[in-house]
Amino acid sequence: MVDFVGLYNYWIVVFLMMAGLYVVIEHGNLVKKMVGLTVFQAAVFVLYITLGKVRDGTAPIVAEGIEIYSNPLPHVLILTAIVVGVATLALGLALVVRIREAYGTIEEDEIGDQDGPAI
Amino acid sequence: MTAHLPALQVVLTLLAAPACILVRGRDLAFLLALSTTWAAFAVSCLLLDQVLTTGTISYELGGWAAPFGIEYRVDALNAFVLLIVSGIGAVVLPFTPRSLLIEMVGEKAYLFYCAFLLCLTGLLGVAITGDAFNLFVFLEISSLASCILISLGPHRRALTAAFQYLVVGTIGATFIVIGIGLIYGATGTLNMNDIAERLPATGYNRTVIAAFAFLIVGAAIKLALFPLHFWLPKAYTYAPSTVSAFLAATATKVGVYVLIRFLFTVFGVEFSFEVLPTALPLMVLAVLAMFVASTIAIFQDSVKRMLAYSSVAQIGYMVLGLSLVTVDGLTASVVHLFNHALMKGALFLAIGCIAYRQASFRIEDFAGMGRRMPWTMAAFTAGGLSLIGIPLTAGFISKWYLILAALAADEPLIAALIVISSLLAVIYIWRVVEAAYFREPPPGAPTGEAPAALLVPTWLLIALNVYFGIETSLPVGVAEHAARALMGAGP
Amino acid sequence: MRDLLILRVVTKLLMPFILIFALYVQFHGDYGPGGGFQAGVIFGAGFILYGLVFGLDDLRGVLSSDVLRAGFALGVLIFAGVGVAGLLLGGNYLDYNVLAHDPVHGQHLGILLIEFGVGVTVASVMVSIFYYFAGRER
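Chains X, F and V supply the protein sequences, listed in that same order.
Just so we're aligned: 46 in the working numbering is position 46 of the first sequence, and the numbers increase by one with no gaps anywhere.
Just so we're aligned: 28 in the working numbering is position 28 of the second sequence, and the numbers increase by one with no gaps anywhere.
Just so we're aligned: 57 in the working numbering is position 57 of the third sequence, and the numbers increase by one with no gaps anywhere.
Since the hints were made in silico from the structure, they are not lab data.
Positions of the beta carbon are idealized from the N, C-alpha and C atoms, including for glycine.
Among the hints, a few may not be true.
What the hints assert, rightly or not - The following label-pair restraints were derived from C-beta to C-beta distances:
#	chain 1	residue 1	chain 2	residue 2	range
1	V	H105	F	G69	17 to 25 Å
2	X	P60	F	P67	17 to 25 Å
3	X	P60	V	F27	17 to 25 Å
4	F	R484	X	I66	46 to 54 Å
5	F	L392	X	T80	44 to 52 Å
6	V	G81	F	T202	40 to 48 Å
Same shape as in the complex, but just chain X (with noise of 0.2 Å):
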């Protein structure tokens, strides 16, 4: 039980990627996919910066009387990871913007409906 609650982060890590990955799936809306898409990409970025962690230990900045810090890396690398998250939402959504002026519709039922057979 002490575990089971201890490793809380870890939970909410993994109760948020399958969250995130069903609205990719289950939603037709495009805007809603990107949603899921980010939420999935944010569950990533807890897992990182809770591998981050380490017990007792501050932010990793030199400073008197502190001898544990946080591990300041995977901050580093969610950082990263992050920017890469935003570019790809800025493209998605432009994508979108560019489906709904070409079709009308974000819906992706009423998208394949539009279209004829391949050219």
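Dock chains F and V against the given chain X, drawing on the hints supplied.
Relative to the frame of chain X, chains F and V by itself:
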């Protein structure tokens, strides 16, 4: 300067991409992109030469020593992949200024060149880096850039194809990054060689197994391994033909490279194939890819879509080779990696030539193409023969080594399946050839050869297909070298 | 939102602080928490706030699309250029030690320039994304 070649390999195109935005002019941007792509090709030739004479090259970015800083590590395998990627880039790029694509985007062509260079940078970076997280970043650079390239397709369906590619690609990349995070949690390092050294000490606990699963599934999405291939046919069908040629010949190849790298270098043969039974599922999926995708290809009405499904089948051959877990099997995989880049590049470029004359790629609109565009159709046929694996073409060499490897691994059934699936390729290529040469051209059909600027790159790739079908020492030699290193005791 | 007096006044009051804070995060990045990514986003957010309240046309008068385009290209060029400078001065790519006469000084200079490049790129990309989405309906 030769010591800095690994850095230059990535930096040249990275510098040229923003420079394209600054120069703005269409021709100036093209010249800039062309010269840097050729320079990158030259660099990768020099790197391959250097690796073959002196062995593995290690380059420390920023002067920080290996396990702590980011290391670029070039061995025979990734030097070869670098050569394929930059070589295809160097051949495809001269095709662009006369292609339909550039005429469509007009004055904004410099943005296309910027995206192309970024995509190339990403693919080269994935291949060259020795750092697992760096690999993820480059993978995303390439997949975001290729998503832009796909969305430039002439039909509005290119947009939805690009969107699907973006979503699926991001899920794949995120799986990879989860796997890398779990490995980092288990071993405390991100350098691939360092991970390989430290993994046995973890006792292969559950974290490592979960990381393995995430990484392999992520890589399988990226390389479009059956049944995770569903994004690929749509993307390659609606992308501009130049882009299809470039991506079909490079992006999935880099995906296969990532899979090989993780299976053989990072996790090692012992863990990947002895502790866990990875070989059998990979082999089954590869065989399924060969048959299911080839069968679907037979029933396609669109030639471009048919080629896309054929790509999925060909990826099956590559994965089949590595799933034998022998030096011969890996050699066949890597040889096919190279040869398939040549033939699919050539076929999609031929499609690009046809796109210059007519918008439709449906088989019935190919009627009489052999008379309407003789040179283009001859190139298509030659590429198709190579795809089937007729002797004296590169495709034959791949199949030959693959069958030999299957026989050597005591899998005669697999060898037979390879031959049978090649017959499926005969059927789908024949449908196009039949329409092009044995049907009368419809009255008023667009007639006339594509301009030389389009034909020369296409025929250059066809010539390479024939050349490497006869003179096999380069791909086979390098592939064998790489396979021995991968199957040896660790990296 | 032009005619909402409170929003206009508060925005005008906040702008200098947002931009100064962005510059602080930018240039303090080599000593403490901060750096180009965060600073770029804060800097961009300041302009986006201005654009939201005073309208796109006013913002375009300050930062035209051409300036932004040059901005994000230049930022990447600065980043890669610092790396190449390291190469030319005899170190590895992105080696800051050789940028100045002693390594510590070189590290400071290197990270400052790199983060400056990152900051310029991120700020201009952020504003460009805003332009793209906000200006699309016109």
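The hints, checked one at a time:
no.: 1; hint: V:H105 <-> F:G69: 17 to 25 Å; verdict: holds (20 Å)
no.: 2; hint: X:P60 <-> F:P67: 17 to 25 Å; verdict: holds (19 Å)
no.: 3; hint: X:P60 <-> V:F27: 17 to 25 Å; verdict: holds (20 Å)
no.: 4; hint: F:R484 <-> X:I66: 46 to 54 Å; verdict: holds (51 Å)
no.: 5; hint: F:L392 <-> X:T80: 44 to 52 Å; verdict: holds (48 Å)
no.: 6; hint: V:G81 <-> F:T202: 40 to 48 Å; verdict: holds (41 Å)
Hint check: no violations occur; every hint is consistent with the structure.
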